[in-house]
Amino acid sequence: MTRIADDKFADVSNFATLAKSRSPLSRPWLDRIRTQAIARFGAVGFPSNKLEEWRHTNVSPIAKTVFTPGRHTGRELTPHVVAPFSFRDESLCEVVFVNGHFAPELSSLSDLPDGLVIRTIADAIEKDSKRLNEHLAKFADINDNPFVALNTGFIHDGALILLQRGATVEMPIHLLFLATPGKSPIASHPRVLVIAEENSEMSIVETYAGIGEGVYLTNAVTEIVAGPSARIDHCRLQQEGEEAYHISTTQVHLSHAAQFVDHSASLGAHLCRNDLNVTLAGEGAEATLNGLVLIGETQHCDNHTYLDHAAPNCPSHELYKHVLSDSASAVFKGQIVVRQIAQKTNAKQTSKTLLLSKDAMMDSQPALEIYADDVKCTHGSTTGPLDEQQLFYIRSRGLNVEAAKHLLTYAFAADITSRIKVDPVRRRVEEIMAAQHGLPRDLRIQKAAAHDEPVRA
Amino acid sequence: MLLEIKNLHARIGEKEILKGVDLTIRAGETHAIMGPNGSGKSTLVHCIAGRDGYEVTEGQILFEGKDLLAMSAEERAREGVFLAFQYPVEIPGVSTSYFLKAAVNAIRKHRGEPELDALEFLKLIKAKQKMLEIEQSFMNRAVNDGFSGGEKKRNEIFQMAVIDPKLALLDETDSGLDIDALRVVSDGVNKISRDRSKGTLLVTHYQRLLDYIVPDFVHVFVDGRIVKSGGKELALELEAHGYADIEEDLRAGV
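Going line by line, the protein sequences match chains A and B.
Residue 0 is where the first sequence starts when you use numbering that gives the first Met the number 0, and the numbers rise one by one after that.
Residue 0 is where the second sequence starts when you use numbering that gives the first Met the number 0, and the numbers rise one by one after that.
Next comes chain B alone, as it looks inside the complex:
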């Protein structure tokens, strides 16, 4: 089992955001979480990635059987969790090349692998650049500094390709992308997640992304919980009827 989330409750300050999330992801699976704004989708991926300020009050998250909640954000990353941000952060003054090399080597060190030297690193990124249609000049620019929305998202997926995580968390990766950029980014994700040892959890608002990245499972997230799960056809259903029907059913149920 790659990821097991059991009865996860979490809050930010006094506000309870996650109200009992159960989710299991096996190697080779792609899961999509869809839900209305403010339902807690992003909170869930941030809890998995280990962002400070989110207090887990109940439940657990196991990653390959290990207690993820006991680890710092960097330890989780080194274990193989990767979060592609909805709003990638700009770090002016630090080159993408340096940043990525430091990241790759921190992870390799953790795994007991030798660090990559400049040449080996260059070889690694060249291959990934080709895959994601990224120009060489990208590496010499500061991390996300002055990048367009599309470039930032592409950079996230590029970083993911270079870092090669076991579990990819994609937080609204499609937001702010035009159709061409969406295609490039999706192709990248598909190439990476083709590896059957990996799992992907993507959070999205729209069905659109799922035309490109086809999920094995779709979960509907409402008010801090998964209220409905199904196959990829569930996304189409949502697209046609919106979340209103589900929310109504929920209210009727209560």
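So here's chain A without its partners, still in its complex pose:
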């Protein structure tokens, strides 16, 4: 008890001092936000396991580590090293950050179409402060989550994406956050703000990846605001390094008839915690949340999703799949709140987990809070090993038991990846999966599935 308190204050003061010592770009409104946030973080500290929301994820290793801010000199990385994480040829533009700082030498940000504004947060603070002020930190609440407070206290770089009314962008926008850890632990707090105005449409991909070995913390916050009838396809690819701590909050606000699709793939990090909070604030808004977690060894991944049905006639579809091997552990908590006003809500949540080892652990908890009477809410959760019948079927065709296991594991996960509409992302995840299982690329099914197709594998 005392120990936790001691740890908390030691490390909070460490971060608080850091926040004070470096606010490279300053605006009075932003300073206020930062100061409030760091004060909030100082007051609550890192969340302990005693808090319900953090019961199964122990962040004390983060609290005990002394992190220094990540640096970017422009010489850390060559395009060759970045290539495995890049979507350069398949994206409209690629904005690369190294240790939390914009890396112009690795980015491609020219020739943006009309109606699309992309700036780094650092640049926006300087040149677009008014617009930034309108939306930044208005949705991700520092009181909800200490890590959001910590991120907000350290806002200095990241990306601002604004798509103007009626504009449609076909190719995905790629935000690539790279960490280059070294001997001493580093931390970065990237911030993303996406604003899709009325009836606009775009795909955004966020990739978080580590290059090289070492301990580091990525504490990311993304705010997405979708105007009436806006359509956003958001992919989040987490491929952090083996010793990384990855904490993220994605806060989404949907207006009338807006459509939001989120595909999250968590493949890396020693410890990962993602909070995905979606508010269906306008009538007829629709949200699809698909998640895939593929981890092994002693990795831990915790996905908390929160769907707030705050308006009538909103469908939501949620499917999370976990593949856990070795001693990996994972948490899925899917909260759905249907407010009294949100009549005719249709919410469907499914969680499926494949346990490839006896030592792997899964904690899957649906949490439905329903205050309206005319609603349809379903949830289902299954956890288990590979299906014996399927294994036998494959073996009866001459494939050995290992090959059969690989094939079925791949198939289980492909049920999720086949729903990813951003083709390069889908291909990348499936290629990583195939490589993990010693399978060639030609087993991919060409036909993509609908986002909300019935779950099969």
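I should point out that these hints are in silico values taken from the structure, not numbers from a laboratory.
Be a bit skeptical, because a hint or two may be false.
What the hints assert, rightly or not - One-sided excerpt, in silico: chain A residues whose CB lies under 7 Å from chain B:
1) 388
2) 397
3) 399
4) 410
What the hints assert, rightly or not - Computed spacing ranges between beta-carbons, pair by pair:
5) 375(A) <-> 182(B): 42 to 50 Å
6) 212(A) <-> 112(B): 42 to 50 Å
7) 383(A) <-> 5(B): 34 to 42 Å
All of these numbers come straight from a predicted model, not from anything done at the bench.
Quick reminder that beta carbons are idealized off the backbone N, C-alpha and C, glycines included.
Position chain B against the provided structure of chain A, taking the given hints into account.
Okay, now just chain B, sitting in the frame of chain A:
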């Protein structure tokens, strides 16, 4: 001798299902096993194919003189045993084309033959597709994923044609098929089993299938054993009188 089953006893958990099965299949022969529900017909073919969870307590199964019971399911498949499932399993996410190529090459490797490359494999499946009236798009779909009952059964026989086994075990291949699908599937089986080096063992509930696939031998399976064997006319007899007469005779005998 292609397959020799001698005094086979098997159980699932504590329950004894097979109670002394004797059956011999020579190359070129088609055998049909008929019997009431729960008599153990399916258990027999699963025991031959090597499904886990079936414990053989007595007896043996020899395939071309080799001890089949000492082999894993995949080894049996590579030796030339093929089971067409009553309920083919769906494998979403894995293309039929990849699945079949992997199967064919695992078997070829076992036989010491060179693996087929993409082109050679394509040539092989084109020929078999034509034979079974299967569309090209079939190969790009996930294995049995979203297939109708008829399509699944057709896919089983198609896989059998591509894999080219020595012994085909057909487990209730006719169940759930309409008359047109039954004809296509039966034609496929007949084309494959025309090869006199192969043997076929089919398990069925109904005489109907045997109008299309004419067996050399019919065996009546009751309570874990073959209680009566005969030619194809035995099936007609069963169709007319059901299993009741035989079961009654058995009881009278005891």
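Cβ distance range 34 to 42 Å for residue 383(A) and residue 5(B), holds or violated: About 38 Å separates the Cβ atoms of residue 383(A) and residue 5(B), which means 34 to 42 Å holds.
For the hint on residue 397(A), does the least C-beta distance to chain B fall short of 7 Å? 4 Å, holds
So does residue 375(A) sit 42 to 50 Å from residue 182(B), Cβ to Cβ? Cβ of residue 375(A) to Cβ of residue 182(B): about 44 Å, so the range 42 to 50 Å holds.
Pairwise beta carbon distance, residue 212(A) to residue 112(B), judged against the given window 42 to 50 Å: 45 Å, holds
Go through the hint on residue 388(A) and say holds or violated, using the shortest Cβ distance to chain B against 7 Å. Because about 5 Å separates residue 388(A) from the closest Cβ in chain B, which is inside the 7 Å limit, the hint holds.
When the nearest CB of chain B is found for residue 410(A), is that gap smaller than 7 Å? Where the cut-off is 7 Å and the nearest Cβ of chain B is about 3 Å from residue 410(A), the hint holds.
Tell me if the interface restraint on residue 399(A) is satisfied: Cβ within less than 7 Å of some Cβ in chain B. Holds, because the Cβ-Cβ distance from residue 399(A) to chain B comes to roughly 5 Å (cut-off 7 Å).
Violated hints for the displayed structure: none, as all numbered hints are satisfied.
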